[in-house]
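Asker: I would like the entire structure built from these sequences, with the hints used as guidance.
These are the residues of each chain, in order.
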Amino acid sequence: MNFRFNYIFVGILLCAGFLYSQERTVTPLDSVYLTDSKLKEYSTGRDVLTLSDSILYQNRALLTNTLNFNTPIYFKENGLGMVSSPSFRGTTASQTAVLWNGININSQFNGQLDFNTINTGAYNEISVRGGGGSVVYGTGAIGGSVHLNTTLSFEKLHEHNLFLQYGSYTTRDARYTFKLGTDQWSLNLALSRNSSDNDYEYPNGGENLNGQFENTAFNVGLGFKINDKNSIRIFSELFDGERHFSLIRASETATKYQDLNSKNLLEWESSFGDFISVTRLAYLDEHYKYFGNLNYDSFTFGRAKTFIAKYDLSYSVLDNLTLNTVLTNTNTTGEGSSLGENDRNIFAAALLMKHQLASDFKYELGFRKEATANYDSPFLFSVGATKDFSDFFSLNVNASRNFRIPTYNDLYWSSAGNPDLLPEKSLQGQIGAVFNYRSLRLNITGYYNSVTDMIRWLPGSDGVWRPVNEDEVQIYGLESGLNWFKTFKNKHRFSLNATYAYTISENKETGYQLIYVPFHKVTAGMNYNYKRLHTNLQFLYVGEVFTRSDNNSRYNLDPYTVGNFSMGYRFGKSEQFELGGRINNFFDAEYQSVENRWMPGRNFTMYLNFKL
Amino acid sequence: MKINKLSLLALLGVFILNSCSNDDDNLEPLPEGDYTDGFFVTNEGMFEGRGTVSFISDDLQTSDIDVYSTVNPSESDLGQFVQSIFFDEDNAYVISNGSNYITVVDRYTFEYIGVIDSELSIPRYGEVVNGKAYVTNQGDFSTGADDYVVVIDLETLTVENTLIIGNKIDKLEEEDGLIYIQGSAFNDGNSINVLDPTSNSITTTYTTEGSLNSFDIEDGFIYALTRKDVEGTDPLEKVAYLEKIDLATGNRSTQIVFSQATSVAKNLTIEDDTIYYMIGTSVYKIALSTSEEPLQDLLTFSGNLAYGFDVEDDRIFIAQGTFDSDSFVEIYSTNGSLLKNITVGLGPNGFYFN
Numbered sequence: 001m002n003f004r005f006n007y008i009f010v011g012i013l014l015c016a017g018f019l020y021s022q023e024r025t026v027t028p029l030d031s032v033y034l035t036d037s038k039l040k041e042y043s044t045g046r047d048v049l050t051l052s053d054s055i056l057y058q059n060r061a062l063l064t065n066t067l068n069f070n071t072p073i074y075f076k077e078n079g080l081g082m083v084s085s086p087s088f089r090g091t092t093a094s095q096t097a098v099l100w101n102g103i104n105i106n107s108q109f110n111g112q113l114d115f116n117t118i119n120t121g122a123y124n125e126i127s128v129r130g131g132g133g134s135v136v137y138g139t140g141a142i143g144g145s146v147h148l149n150t151t152l153s154f155e156k157l158h159e160h161n162l163f164l165q166y167g168s169y170t171t172r173d174a175r176y177t178f179k180l181g182t183d184q185w186s187l188n189l190a191l192s193r194n195s196s197d198n199d200y201e202y203p204n205g206g207e208n209l210n211g212q213f214e215n216t217a218f219n220v221g222l223g224f225k226i227n228d229k230n231s232i233r234i235f236s237e238l239f240d241g242e243r244h245f246s247l248i249r250a251s252e253t254a255t256k257y258q259d260l261n262s263k264n265l266l267e268w269e270s271s272f273g274d275f276i277s278v279t280r281l282a283y284l285d286e287h288y289k290y291f292g293n294l295n296y297d298s299f300t301f302g303r304a305k306t307f308i309a310k311y312d313l314s315y316s317v318l319d320n321l322t323l324n325t326v327l328t329n330t331n332t333t334g335e336g337s338s339l340g341e342n343d344r345n346i347f348a349a350a351l352l353m354k355h356q357l358a359s360d361f362k363y364e365l366g367f368r369k370e371a372t373a374n375y376d377s378p379f380l381f382s383v384g385a386t387k388d389f390s391d392f393f394s395l396n397v398n399a400s401r402n403f404r405i406p407t408y409n410d411l412y413w414s415s416a417g418n419p420d421l422l423p424e425k426s427l428q429g430q431i432g433a434v435f436n437y438r439s440l441r442l443n444i445t446g447y448y449n450s451v452t453d454m455i456r457w458l459p460g461s462d463g464v465w466r467p468v469n470e471d472e473v474q475i476y477g478l479e480s481g482l483n484w485f486k487t488f489k490n491k492h493r494f495s496l497n498a499t500y501a502y503t504i505s506e507n508k509e510t511g512y513q514l515i516y517v518p519f520h521k522v523t524a525g526m527n528y529n530y531k532r533l534h535t536n537l538q539f540l541y542v543g544e545v546f547t548r549s550d551n552n553s554r555y556n557l558d559p560y561t562v563g564n565f566s567m568g569y570r571f572g573k574s575e576q577f578e579l580g581g582r583i584n585n586f587f588d589a590e591y592q593s594v595e596n597r598w599m600p601g602r603n604f605t606m607y608l609n610f611k612l
Numbered sequence: 001m002k003i004n005k006l007s008l009l010a011l012l013g014v015f016i017l018n019s020c021s022n023d024d025d026n027l028e029p030l031p032e033g034d035y036t037d038g039f040f041v042t043n044e045g046m047f048e049g050r051g052t053v054s055f056i057s058d059d060l061q062t063s064d065i066d067v068y069s070t071v072n073p074s075e076s077d078l079g080q081f082v083q084s085i086f087f088d089e090d091n092a093y094v095i096s097n098g099s100n101y102i103t104v105v106d107r108y109t110f111e112y113i114g115v116i117d118s119e120l121s122i123p124r125y126g127e128v129v130n131g132k133a134y135v136t137n138q139g140d141f142s143t144g145a146d147d148y149v150v151v152i153d154l155e156t157l158t159v160e161n162t163l164i165i166g167n168k169i170d171k172l173e174e175e176d177g178l179i180y181i182q183g184s185a186f187n188d189g190n191s192i193n194v195l196d197p198t199s200n201s202i203t204t205t206y207t208t209e210g211s212l213n214s215f216d217i218e219d220g221f222i223y224a225l226t227r228k229d230v231e232g233t234d235p236l237e238k239v240a241y242l243e244k245i246d247l248a249t250g251n252r253s254t255q256i257v258f259s260q261a262t263s264v265a266k267n268l269t270i271e272d273d274t275i276y277y278m279i280g281t282s283v284y285k286i287a288l289s290t291s292e293e294p295l296q297d298l299l300t301f302s303g304n305l306a307y308g309f310d311v312e313d314d315r316i317f318i319a320q321g322t323f324d325s326d327s328f329v330e331i332y333s334t335n336g337s338l339l340k341n342i343t344v345g346l347g348p349n350g351f352y353f354n
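Protein sequences appear in the order of chains A and B.
Per full-length UniProt numbering, residue 1 is the first one in the first sequence, and the count goes up by one each step.
Per full-length UniProt numbering, residue 1 is the first one in the second sequence, and the count goes up by one each step.
Using C-beta positions, here's what the derived DEER-type ranges look like:
id, chain 1, residue 1, chain 2, residue 2, range
1, B, T262, A, N345, 28 to 36 Å
2, A, K305, B, D234, 22 to 30 Å
3, B, Q260, A, S450, 36 to 44 Å
4, A, D274, B, E48, 51 to 59 Å
5, B, Q260, A, N552, 35 to 43 Å
6, A, Q474, B, E293, 42 to 50 Å
7, A, S553, B, T205, 49 to 57 Å
8, B, E175, A, A254, 31 to 39 Å
9, B, L60, A, N345, 55 to 63 Å
10, A, S553, B, N161, 41 to 49 Å
11, B, D234, A, N345, 21 to 29 Å
12, B, E160, A, N295, 17 to 25 Å
What the simulated footprint calls covered on chain A by chain B, stretch by stretch (three residues with Cβ under 8 Å from a Cβ of chain B suffice, anywhere in the stretch; the number is not a length):
id, stretch
13, 245-254
14, 545-552
None of these hints come from the bench; they were simulated from the model.
Ideal Cβ placement from N, Cα and C applies to all residues, glycine included.
Answerer: Pasting the structure below:
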């Protein structure tokens, strides 16, 4: 699929919101540049679900909301905007890797990312890939990976976009982006702010007290082509957030949490002969403060500074055969209350190969091994292939071994950390079928995943909780996506995007389903456009979940269906204004994704989208 | 004259029985309620959930895993982390340390009466003396300087006094009209503060040599289990001590030095002049005066974490620390034989006897 075709393809699908992309070869000549190019180049044998910025505008600014309504990932959210952790394909919260422009940003402290500490307004596109990806993306890519990307356009471009949204519970959401491009320069600037009193009512008569939050994200991408063979790019993000943690009962101790994170990436790409080299330097600063009682000034904190140096060399052996080596050194200095100060250095070497053996068959191979003094690093691999049987039908297969390394908390927590922990390991395989018929696309993927050496904190006989490599989990299930669009008489445009996930994730020893993993999750989004009018319907269904490890159904959380509806109208000569409103949870469903943590009932927002 | 003798005996019997029943009429009526004969188990509950209280009958034949919800289905719940219960004559007071309130219920019917929900900050344990409740509060976890005791008027269910103690505090015990407060929390701290309820002030503070795990008072002496780190061991090992403090003179002596171990003696309780304590999941039983570490344990608990422990009326009670599903308690006789294993709520931590 060449660039030009892809670009038109994007244009068509933008109205549908979704963009499914199997593969895209990126060369320095492309006018839209994505630094996480491995996502496109090394996803043979699997499906990548991409949410464009138009989809991002149809959701709240918090990443949980966007992914919950548009992907098969299940979220456990402690009330709207509060701590939120994913379960991707039945895995635990630290088994989903989150990549910022290709750099792994899962917390050094707990190995997870809180999906409500990401403001989606800072990115142009967000992609989700199911299944293991540790060979390319490192620790945590077991259930799947989530990719937050800033794209750079090297074409004549000057574009402002201001999106303002105001809604119930004094919820403010402002996102501004500025894109400037020439064939030599490209700038992508995004500034977003989201705040809410978040004082919604509970179905049982209570109110969400102390649930207010605010966050600001600033993201910049800058690219410069020095000449035909060399270019330099800089990406930088600053996130500043403060969240109070909501109380279930009014007399509870009020607490809050502050995040101040920065992410910086400098890269130099150079091509010579059949080689392309990319040298990357990254610096991540993760800093949190937790105020455990707002009546006092005291807080606990954690801060980790990570330097990453990466050398990525790809060699086109033949037109249809590419070899790629990636050498990465990651050095982290972390400190925190109860943690002391600890350094860790991880060196990783990966070798990747992809081969288009025939026009309808390609495969890829990947290997990775890490060297570190902190844990025993397993040998990782990935193998994938895609075969097109006809225009109508193709088959994907992929198998991989992946891992999740012990975190700072696991290793160094004072008098509890366990320096002898092994990484969690996952061996998995998947097979997927893709059907294309006119504008209909259906994919069905079946997978099996065996996870061993799961790290779990358990109380010892002395009552002290310590992490141990304890559980083995086997997961299998189905993941499915459906996309369709149709235009009538050039005026009426319909589109439909849906996902379904069926997940069995069971403790191998007991046979019980893991808690907070629903058997069923369904999402659906429907769009209808008529001239300047735009409407959107969203549905989310989450099946019953267990909250007790012995699957005692007395404590199960009920299944729920949530629906959102929005309508907008574009004004102006070139339709540069859009004014609209949204009804969230129009069924007024009473639901909670975590025991005792109610989500809001029916509520409203209004928005204005202004393009120049 | 055998018959006459028998009739006389029968006649006598009638008189005796009669007088007995007459006496009964003059006694106060026995408390009535479904939970009169038995004991409660406090269950902390899940982090995101609510704590519960289980009830088990004295004959160990019947139990209710969540008695409060059974009796009061429409009242708000007992709160996050049910920590403990204390009683006065008629009422039970259930402390939630996560939600900072105390739910007041009838101790025999468990019917909801009211709630105390102001001026509490991480409340832990309570005792009633002279009609007032004294409840320890930990406040800011990072320091003991702000730890305080509230004095609660049980007529109005309001806090009438706040006494800052100034060191970490936890359990308390009433003895001869004085309140003895454990001046340590989670083995951090080494004092026992004595509060005089007549003046609402700390009159004496005893210190222990090691950090204080648990204590009990018997015959004018404090018996305390304490521990010290053994430097240079990895994993860190500790030594436990049984310390004894004379309430009259304040003199402190070390009665037993236990052997060095990673898992040390904990949960001291005294019943019938016998000291009971645990190491890991084993229960030990020694006479009050013993100065030798026992060679043999009394019993080994079948769970992997003894989270709640008590001895009462010739029975030993142990609760399993399970925090991801409903848990169980085991009841043993004081000679170490298992009487019963009973399912209770999640995270059971203590036993309270009606």
